[in-house]
Amino acid sequence: MKKLHKKTAVVGSMTGVLAVLAAGCGTSSGQTSTATNQTAAGSASVKMVDGLPLPQYNGKATLTWWSWVPNAQKEVDIFEKYYPNIKVHLVDAGAGATEYQKFSTVIQAGSGIPDVVMLEFDVMPEYIATGALQDISPWVSQLKSRFTPWTWNQVSVGSHVYGIPEDTGPMGLFYQSSLFNKYHLKVPTTWSQFQQEALEFHKLDPSKYFSYFSNNDGQWMFGLLWQAGCVPFQGSGNNWKVDIDSPKAVQVFSMWQKLVKAGAVQSIAAGSPEWQKNINAGLYATAVGSAWYDSEILVPYDHNLSVHKWRAAFIPEWTPGDTMDGDWGGSVQAVTKATKYPEAAAIFAAFINAAPAELAHDVAPAKDGGGGLFPAATAGFDIPSFKQPNPALDNQPANVDVFEKESPRVNTKFQWSPWSSYVFNELQTEIGKAFSGKESVQQALANVQQAVVNYARSQGYNVTT
Amino acid sequence: MAPFILLFIAFLFAPLLYAFYTSLFIERFGQPIFVGFRNYVNAFQDGAFWSSVVNVIRYAILQGVIMIVLSLILALVLDTKYARWKPLFRLIYFLPYAVPGVFASIMWGFLYSKPLDPLLQALHFDPLSSAALLYSIINIATWEWAGYNMTLYSASLTGVSTDLYEAAIVDGCNEFQLAWHIKLPLLRPTILMTVILSFIGSMQLFNEPFLLSALTPISQTFTPNMDIYAMAFNLTNLPYAATLAVLLGAITIFISACVMIAARVIGRRSRERTALRMSSEEVLST
Numbered sequence: 001m002k003k004l005h006k007k008t009a010v011v012g013s014m015t016g017v018l019a020v021l022a023a024g025c026g027t028s029s030g031q032t033s034t035a036t037n038q039t040a041a042g043s044a045s046v047k048m049v050d051g052l053p054l055p056q057y058n059g060k061a062t063l064t065w066w067s068w069v070p071n072a073q074k075e076v077d078i079f080e081k082y083y084p085n086i087k088v089h090l091v092d093a094g095a096g097a098t099e100y101q102k103f104s105t106v107i108q109a110g111s112g113i114p115d116v117v118m119l120e121f122d123v124m125p126e127y128i129a130t131g132a133l134q135d136i137s138p139w140v141s142q143l144k145s146r147f148t149p150w151t152w153n154q155v156s157v158g159s160h161v162y163g164i165p166e167d168t169g170p171m172g173l174f175y176q177s178s179l180f181n182k183y184h185l186k187v188p189t190t191w192s193q194f195q196q197e198a199l200e201f202h203k204l205d206p207s208k209y210f211s212y213f214s215n216n217d218g219q220w221m222f223g224l225l226w227q228a229g230c231v232p233f234q235g236s237g238n239n240w241k242v243d244i245d246s247p248k249a250v251q252v253f254s255m256w257q258k259l260v261k262a263g264a265v266q267s268i269a270a271g272s273p274e275w276q277k278n279i280n281a282g283l284y285a286t287a288v289g290s291a292w293y294d295s296e297i298l299v300p301y302d303h304n305l306s307v308h309k310w311r312a313a314f315i316p317e318w319t320p321g322d323t324m325d326g327d328w329g330g331s332v333q334a335v336t337k338a339t340k341y342p343e344a345a346a347i348f349a350a351f352i353n354a355a356p357a358e359l360a361h362d363v364a365p366a367k368d369g370g371g372g373l374f375p376a377a378t379a380g381f382d383i384p385s386f387k388q389p390n391p392a393l394d395n396q397p398a399n400v401d402v403f404e405k406e407s408p409r410v411n412t413k414f415q416w417s418p419w420s421s422y423v424f425n426e427l428q429t430e431i432g433k434a435f436s437g438k439e440s441v442q443q444a445l446a447n448v449q450q451a452v453v454n455y456a457r458s459q460g461y462n463v464t465t
Numbered sequence: 001m002a003p004f005i006l007l008f009i010a011f012l013f014a015p016l017l018y019a020f021y022t023s024l025f026i027e028r029f030g031q032p033i034f035v036g037f038r039n040y041v042n043a044f045q046d047g048a049f050w051s052s053v054v055n056v057i058r059y060a061i062l063q064g065v066i067m068i069v070l071s072l073i074l075a076l077v078l079d080t081k082y083a084r085w086k087p088l089f090r091l092i093y094f095l096p097y098a099v100p101g102v103f104a105s106i107m108w109g110f111l112y113s114k115p116l117d118p119l120l121q122a123l124h125f126d127p128l129s130s131a132a133l134l135y136s137i138i139n140i141a142t143w144e145w146a147g148y149n150m151t152l153y154s155a156s157l158t159g160v161s162t163d164l165y166e167a168a169i170v171d172g173c174n175e176f177q178l179a180w181h182i183k184l185p186l187l188r189p190t191i192l193m194t195v196i197l198s199f200i201g202s203m204q205l206f207n208e209p210f211l212l213s214a215l216t217p218i219s220q221t222f223t224p225n226m227d228i229y230a231m232a233f234n235l236t237n238l239p240y241a242a243t244l245a246v247l248l249g250a251i252t253i254f255i256s257a258c259v260m261i262a263a264r265v266i267g268r269r270s271r272e273r274t275a276l277r278m279s280s281e282e283v284l285s286t
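Heads up: the sequence lines are chains U and E, in that order. With UniProt numbering applied, the first sequence has no gaps in its numbers, which climb one by one up to 465 at the end. With UniProt numbering applied, the second sequence has no gaps in its numbers, which climb one by one up to 286 at the end.
Treat the hints as calculated values from the structure; they're not laboratory data. Values in this document were obtained by computation on a predicted structure and should not be read as measured data. Heads up, a few of these hints could be off.
Claimed, not checked - 25 Å max Cα-Cα, derived SDA-like pairs, lysine to any residue:
| id | chain 1 | residue 1 | chain 2 | residue 2 |
| --- | --- | --- | --- | --- |
| 1 | U | K102 | E | A14 |
| 2 | U | K433 | E | L120 |
| 3 | U | K433 | E | N225 |
| 4 | U | K433 | E | K114 |
| 5 | U | K208 | E | L116 |
| 6 | U | K102 | E | L116 |
| 7 | U | K102 | E | V246 |
| 8 | U | K277 | E | I106 |
| 9 | U | K438 | E | V53 |
| 10 | U | K277 | E | L276 |
Chain U extracted, bound-state conformation:
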């Protein structure tokens, strides 16, 4: 799903045990599925299950599944109706980094490894490189056309497929329409307009910020680069090209540095109590978010939604007239190499993310018992609840207005590297230095580039720059 979970996992422990309890209570099951029955068709091995070409599965299998999607048990309940001989045991192993640490630990230990595991796109190359994931192409490659194209690139290397995309986060600009009306601001469509308005806004209302910069979130920072058309990593297997300090990247961070320096934008740790307080107080006129931002950040942290009247707009562009977007967040259900039932696991991962019966649940708001996801399977866009006015966004049907249109604009050339968490840490540290005036943005990015290249080479990768 998305990024902030990583933070909330830690902040949850800061704000008390309640968060943990709440997460633990989120798995109560319900019976909602209106299962239409399977129509057998196709070849000997592949049948149509709920309109999806998937293999028959005649054996018996029991799968363990790690996931932190809201109301995941309902996905299991729906699945088990269609594949009664595959039983799935859902485990909440934490969200984001918390889960990855457990996953890495069980892989090293060689026992307790789940059959299917939820991962975010940015860690896929890392787990593919460590050999933790199973190639499931024999059972699922026929489903490629059903997913937003870039998502399939992120789960596959050549013809090998290591997981099924679950959801994505095409980026957009969120803004408080109450403030925009009050100060007669126009929603910026380019970054230069964004910059100009930010400086003007700061003069009009010095007590507020035009936006914030998540200084602790490398994934978000790379979202900014992705949206600007940067391609910091290219490659597969042993051979990688690293280009972090491109002129475009320098341009992106220089703009933010300038706005932070002017006081128009606050550089802050997203997820921190201060940030939570500021979101709730409506201190930020805009926020660079993505399709899940309203349900995962605005709803939980802003208790004055009816006053602030947030809305979503297209992400500003670097070149006027361009339609380039990036992605922030998004996840995958991956099948592990350790599984005894790779076929059953592949069927499960595919079914819960692409079958219409599951998608209806996946796209429904988490508050109504759904998954609250912006689906990677394009069939999800046709489901009525996906298109509804969003009460969190001043009843704007933001999925239709913005994100469904942004989704195909996400730059498909962008790739994650097998060293994401190393890269994120380096970038956060160096950008922190640049924003506090200790070095230039150019120097900061050059340092990140050098550190990442050295690290990758020390791990035996062939790296070109």
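Starting from the known structure of chain U, fit chain E onto it as the hints suggest.
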């Protein structure tokens, strides 16, 4: 002895050996590849790791000095005849140690949060800013450990025969002279032990910065243990994590040994000096 040797091998020696063995490989596509000492060559060129080591050494010296001086003052003040309700104050000073480090860090994290604290706002001081961070962590650690060390000193002092103090008082010592000339020298072995324990603890600094990193950007390479943790669990790079862990262990052992040897040399010198003075006094008195 046999059970000790078995436990020693199982829980200390074997893991150390295994860590060293692991550090001789890199892992690619799930397969370990033997690279000899290449990880060590890389580690020696790893600027982030060495700056984290310098960071904790700086922290160890600052925090160690502040805490031990404070603990000594508390222990010596509580040991004077003027102190009232000694058991109560000992308990109060000891209490922070009873708070688990994780909770202490979370609690201090909130106390340090400028937007939640009108006092910090009035002072225009942000304890979590990158410039103040190290000192803020020193403050947490001192709060946690000063009482613990004070208890160790108090315990050593209660073991001293009161005859010694009485003799000194008869000779005209006041409370300050008593503390300076009698109690402090007697505490020397305990102080040495706490210096070394505090140093080793400082080298392993982890909880406080790790938990505070949810509130403010703290680099994963702020301390060596954070670096090792991130390598092992965020990057799944166990061989390199093992390399850094072996190096950190070696550095810690080396510096601890230096401190002990230095203390022994200083101790011998001062004993010689005392002996010399005493023998000369004897000569004079006869």
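Agreement of K102 (chain U) and A14 (chain E) with the hint, judged by alpha carbon distance not exceeding 25 Å:
24 Å, holds
Given pair status - L116 (chain E), K102 (chain U), alpha carbons within 25 Å:
33 Å, violated
Hey, K277 (chain U) versus I106 (chain E), does the alpha-carbon distance stay inside 25 Å?
With a Cα-Cα distance of about 18 Å, the restraint between K277 (chain U) and I106 (chain E) holds, given a limit of 25 Å.
Can you confirm whether the C-alpha distance between K433 (chain U) and N225 (chain E) stays at or below 25 Å?
Distance of about 22 Å is within 25 Å: holds.
Restraint status (C-alpha distance of K102 (chain U) to V246 (chain E) at most 25 Å)
23 Å, holds
CA of K433 (chain U) to CA of K114 (chain E), is that 25 Å or under?
Status holds; Cα separation ~21 Å.
Is the straight-line distance between the alpha-carbon of K208 (chain U) and that of L116 (chain E) 25 Å or less?
Given that 25 Å is the threshold and the Cα spacing comes to 17 Å, the pair holds.
Under the criterion that the straight-line Cα-Cα distance not exceed 25 Å, is the pair K433 (chain U), L120 (chain E) satisfied?
Between K433 (chain U) and L120 (chain E) the Cα gap is close to 24 Å, so the pair holds against 25 Å.
Keeping to a limit of 25 Å between CA atoms, is the pair of K277 (chain U) and L276 (chain E) held or broken?
With a Cα-Cα distance of about 68 Å, the restraint between K277 (chain U) and L276 (chain E) is violated, given a limit of 25 Å.
Taken at face value, is the distance from the CA of V53 (chain E) to the CA of K438 (chain U) at most 25 Å?
OK: K438 (chain U) and V53 (chain E) at ~21 Å, within 25 Å.
Violated hints, in rising order: 6 and 10; the structure is consistent with all others.
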